[in-house]
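**Student:** Going letter by letter, the sequence shown gives residues 0 to 178 in numbering that gives the first Met the number 0.
FYI, nobody ran anything at the bench for these hints, they're computed from the structure. Treat the hints with care, as some may be off.
[As the list claims (entries may be wrong)] Restraint-style ranges between C-beta atoms, simulated for each label pair:
#1 W60 / P8: 55 to 61 Å
#2 E30 / L71: 35 to 41 Å
#3 Q115 / F64: 19 to 25 Å
Ideal Cβ placement from N, Cα and C applies to all residues, glycine included.
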Amino acid sequence: MPGPGRNEPCPCGSGRKTKRCCGQLRGPSEEQLARAHVATLAADVVHDIAHLSEEALEILWEGLFGLPAVDLSLQVRVPDLITPELQRLRDAAIDDDPDRGWEELRVVTDQIDTPQQRARLADAIVLLRDEHRLTRAQAAYAIYHLSTPSQHLLAASLIHAIAVSVGASPTPAGVLLAA
Numbered sequence: 000m001p002g003p004g005r006n007e008p009c010p011c012g013s014g015r016k017t018k019r020c021c022g023q024l025r026g027p028s029e030e031q032l033a034r035a036h037v038a039t040l041a042a043d044v045v046h047d048i049a050h051l052s053e054e055a056l057e058i059l060w061e062g063l064f065g066l067p068a069v070d071l072s073l074q075v076r077v078p079d080l081i082t083p084e085l086q087r088l089r090d091a092a093i094d095d096d097p098d099r100g101w102e103e104l105r106v107v108t109d110q111i112d113t114p115q116q117r118a119r120l121a122d123a124i125v126l127l128r129d130e131h132r133l134t135r136a137q138a139a140y141a142i143y144h145l146s147t148p149s150q151h152l153l154a155a156s157l158i159h160a161i162a163v164s165v166g167a168s169p170t171p172a173g174v175l176l177a178a
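Based on the provided sequences and hints, a complete structural model is requested.
**Tutor:** Right, dumping it as structure tokens:
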């Protein structure tokens with residue numbers, strides 16, 4: 000059953016119209032806005048990679064893994080709540096064991112993969128492109144990639160963020176954080 004209309008009395012009993020009281024959220028959600036933002040950015044930059052050969056696109060694909068090492072803004076925010084999966088990922092980074100934690104990486108990447116996270120990364124990529132720290136092709140490919148369901152860049156960003164947070168890898172500026 001549909002809720003009250005905007006101009007009907009608010010169900011809270013205040014006597015005011017719904018739109019002036021408790022209200023009904025109208026319009027797009029934050030997730031929808033973030034998805035639309037990434038899609039718009041991708042549409043704006045696709046011409047920068049449309050002419051590239053399969054070989055050039057393969058090079059850009061392989062370069063996605065190293066992209067988060069360019070700047071801290073390209074590293075996802077690691078969840079504050081350390082789940083068992085996140086702890087095992089952290090332990091694998093501390094032990095420098097790349098063969099451990101693949102299942103945990105998938106689980107944690109699923110947890111952090113939100114439209115808002117993708118939009119934040121896309122905005123950081125645009126800024127680095129405008130500062131000439133990324134090429135137009137690198138930025139275009141990364142932004143286009145964020146507009147797809149693939150989690151490759153998010154997983155790479157997560158790996159870099161965890162490695163920096165536990166002191167297993169230096170920040171892009173070369174600072175090694177104490178674990």
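**Student:** Which of the numbered hints are not met once you compare them with the structure shown?
**Tutor:** Hint check: 2 fails alone, others pass.
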